[in-house]
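Trainee: Taking the hints into account, I'd like the entire structure generated from these sequences.
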Amino acid sequence: MFKNKKSKKEYEVIVDVYVDENIYRKFISYLIKNKTDEGNALSKILENGMKNYWLEYYKELKSGFEYIKPLYETCKRDNEQFKSLELQNSILKEYLDKNRLE
Amino acid sequence: MNIFSRFKNKSKSGKKDILSILEESRRENKKHLKIPISEVTVRELHAFLKEKGLNKPEGTEKLIEYGLSDESEEELEILRREKESQMSQLGRQYSVMRFKTYEYYLENKNLTMKLRSMLKENRSLKARLGKVTDRFSTVDEWDSWSEEKIDELLQRYVFTK
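Residue numbers (the working numbering), protein chains in the order written: chain A, 229 to 330; chain B, 1487 to 1647.
Keep in mind that the hints were calculated from the coordinates and are not lab data. A portion of the hints provided could be inaccurate.
Said to hold, decoys possible - Just so you have them, the derived chain B footprint on chain A, three or more residues with Cβ under 8 Å:
(1) 245 to 255
(2) 270 to 282
(3) 292 to 305
Even glycine gets a Cβ: it sits at the ideal position worked out from N, Cα and C.
Mentor: Take a look at the structure:
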C-alpha cells in the first residue's frame, strides 16, 4: 500500500488507496477549489482527518445512533407482542386443560 | 511461516482465496488513488492508525473521508462541546442498542416463522374458552392481524435482503 519513492525535493512515499466514489468527487473538488497538487492536497486532508478524528467519529456515532434507534424500537415492540401472544397461549391452554374444558 | 501467508494469494488449485475475494469486493465500485506524499506525513499516519487500532487501507480511507468533511470552524466547535458532554454516554447507549437489536432480530426471526401457528392456536383457544366462560375475554392487538400483517413481519425478519 505504501511504496517509497525518492524525489528531487524530499523523500516521498506513495499512498495507494481505494476510496468511495463520493469521497473521490470531494477530493477532486478540493483540488479545484484549493488549486493545489494531489500530494499536497492529500497530506493536508490526512492531517485534517487525524486532527478532527474524534469529532468526525462522534458525528458518525450520532448518525449511527439515529439510524438504529427506530430499528431497535420496532424490534423491541414486535418482540413484546410475540412474547405476550406466546404467554397468552400457554395460560389459556393451561386453564382449559386444568378445568377440562372443551 | 506466517499463519495467514497461505491465504494471501491464489490457492494451489488456482482458485481465489477468501481474503482476495473480500478485498476485491471491498474495492468494487471504488476509485483508486495512488499519490506520493511526504514521508513525514506517512510516518504520522502510520503511528496514528496503529494507535487507534485501524488497519491501513480502511483507516486511511476513513481519514481521507474525515479530512474532506466540510464543517466550518464554528460547526466544529459546537460538535466539540457536544462531544465532551455526550460521547461516552452515547457510545454506551449505541453499543447496547446495537447488541439488543441484533438479539431481538434473531429471536423475532424464529417467532415470526411460528407466527401463523401461534395465531391459529390463539384463535382456537379463545373460541373454546368463549363457549364456556367470559372470564378471560380480552381484545388483543394480534386478534386483528391479517395475512398482510404476517407477510409484513416475514419480510422484516425472515426474508430480509
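Trainee: Which earlier hints can't be squared with this structure?
Mentor: none
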